[in-house]
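**Q** Let's have the full structure, built from the sequences with the hints guiding it.
One-letter residues, chain by chain:
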Amino acid sequence: MRLELGNIFIKDVQFGAETKVENGVLYVNKEELIAHLQDERLATIDVDLARPGESTRIVPVKDAIEPRVKVEGPGGVFPGFVGKVDTVGSGRTHVLKGACVLTTGKVVGFQEGIVDMSGPGAEYTPFSQTYNVVIIANPVEGLERHAHEAALRLAGLKAAAYLGEAGRNVTPDEVITYDCPPLQEALKQYPDLPKVAYVYMLQSQGLLHDTYLYGVDAKQILPTFIYPTEVMDGAIVSGNCVSACDKNTTYHHLNSPIIHDMLARHGKDFNFIGVVVTNENVTLADKERSSNFTAKLVEWLGVDGAIISEEGFGNPDADLIMNCTKLEKKGIKTVCVTDEYAGRDGASQSLADSSPLANAVVTAGNANEIIILPPMEKIIGDASADVVDVIAGGFSGSLRPDGSIMAEIQIITGATNELGFNKMSARML
Amino acid sequence: MRNRVIVVTNNGSVELLEQDIFVAGTLLDVLRRCRDLVHQGHQLISHPLVSSVKPNETPYKSVVLTKQRSAQIDFRSLSIIEASLHTAERMLRERPLQKYPERILQDFQFIDRDLLESALSSIPLYI
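Those protein sequences? They're chains Z and H, same order as listed. Residues in the first sequence are numbered consecutively from 1, following the working numbering. Residues in the second sequence are numbered consecutively from 1, following the working numbering.
Keep in mind the hints are simulated off the structure, nothing from the lab. Just so you know, these numbers come straight off a predicted model, no measurement behind them. Cβ coordinates follow ideal geometry from the N, Cα and C atoms, glycine included. Be a bit skeptical, because a hint or two may be false.
As the list claims (entries may be wrong) - Here are the simulated BS3-like cross-link-like pairs (lysine-lysine), alpha carbons at most 30 Å apart as the crow flies:
hint, chain 1, residue 1, chain 2, residue 2
1, Z, 106, Z, 30
2, Z, 106, H, 99
3, Z, 268, Z, 296
4, Z, 333, Z, 188
5, Z, 11, Z, 378
6, H, 99, Z, 378
Claimed, not checked - Listed next, the stretches of chain Z that the computed footprint assigns to chain H, with coverage defined by at least 3 CB atoms under 8 Å from CB atoms of chain H:
hint, segment
7, 104-110
8, 133-142
9, 322-336
10, 348-355
**A** The following block contains the structure:
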C-alpha cells in the first residue's frame, strides 16, 4: 500500500466569503460551514477561530481533527463516518498542515479538555500551535447523551472533511510518500534488520471512552492487522473525551508519532512490518481474549519486537501489561509507551498494574503535575467555575477569582499523550 | 446471564437484582466489599478501575463479580482488586474527592451505569 501525503502548510486562518486556501491562508466561509454541519440533534452551531499566541482559552475541548481530503485512490477520509467503508491508505491525500478543527460542547458536566493558545498551558498542548477552527455546538433540549456525543463527533469530522476539500486542488508544499508492502514482501525486506510491529491499543469502554475503526465501535473488534497508512486517512476516529491529557484525539491518530517515526526508521534501524489494532474493554475476559489475539497475531507476523502504546490509565494498565507479558513470553521483545499518575511529587507507583517483564517503558509524563494557567482575554466554550472546578484534573477552587486556574496537567488536551505527541520531550541527539 | 453475576455498587441509579449488593458508602467501600467477596471465592468479571474517570474524581463505582463461589480463591482477581484498592486509596489520599452539585453527580452516575452496561453486555458464557 502506497500513500502520498501532500502537506499544504497553513500559516493563518480567517473568515472569508469563500472557503479556500490561498498563499498558505485558510479562508473559511462561516455560514457555509455552519450550513454543512446542520444536524437535527444540534440546536445551535457556531464557529470561532483561534490562532497561536492569542490570549484565548478553549474549554471543554472534545475532539481535535486535522482537515484532510483524498485526492487519488479509493475511498474518502474518515471511512465509516464521512467516507464509505472502502479500504483507505493508498493513493494521495492532501493535508492542511497547521490547521485543526476543535469541537467544544459539554456532554457531561465533568468533561475536561483545555487548550490555551498562549501562556504556560500552551506549552503542554500541540493545539496551541495550530490554526484552529472551533465548532461550538449545543444539543436540542432533552437529547440523550450518546446521541449528543455522536452528533458532536460527526460535526467535527464533517467540518474537517469540508475544510480539507479546500486543499483538493492546491499544490502541496511537500509530498511525503509512504510505501507499506503486503506482509510476504515486507518480511523479505531488510533481512539483516530486526522485524518490528506496533500494537496500537484503543480506548473502548463505553460512552465518552470509545474509539472507532472504519466506523465500528472498537469494543466489538478482535485485534486485527492494518497498514500504517490507513490510519493517516482517518481509519481510526476518536469518540474518547474523558481524561484530556492522555486521550488520543482523531488528530493524534492521523499524526501518530509512533507510526511516523517507525516509518522514518524503517529500513535503517529495523523493518517495520505493520500495525496490530486492539481494544481496552471493561471485562477481564475481554481483556484476556484481546491480549491473546494480539499476542497470536504479532507472533504470526514473525517479528522480533513490538512497540505497545496504551490509551488512558487505570484498567488499561491491565491490558498493557497483558499485551506486554504475553508477547515477552513468546520471546518477542516489547517497549511500552504510557503516561504516569505518580502523584504530585512524581514519587508514587505510576501505573495500576505492573510486571517484571515490562522492562522497557517510555513515559509521556506525569499527569498529576500541578500547573497554574493565567487568565485569558477570550474564552471559547465555557470556562466558568461550573465547568472548570468539576472537570478531571480540576478541583474545588481550581478557578481562582482572577480567572486563573490551578489544576493538574491532566486537564490539558494532549498534555501526556501516550502516542508521544507532546511538545515537551527528551530527545536523543 | 445477568442472574449469574453480582453487581456491587454505590450508584443508586443502578437497577439491582436480588443477589446484587448496594453499598451505602464510598467508592473505597465498594472496592473493599469486592475484595472481601474475592476472598470468599467470587471472581471479578469487570475490572474495578474501569473508566478514565479516576477514583478520586467520581464518587461512584459498580463492579461485576461471579455469583458462584469457587472453593479456591482466584488469585488473579485478588491481585487485581488489591492493586486497584491500593491505587484508589493512594489517589484519594493525595487529592480527596470534592463536593459536586447534584447535576454533576447525576452525570457521574450515568457514566458509571453506561460502563456497567458495557460489562453486563459482555458476561462470559462459561461462568
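**Q** Going through the earlier hints one by one, which of them does the structure break, listed in rising order?
**A** 8 and 9
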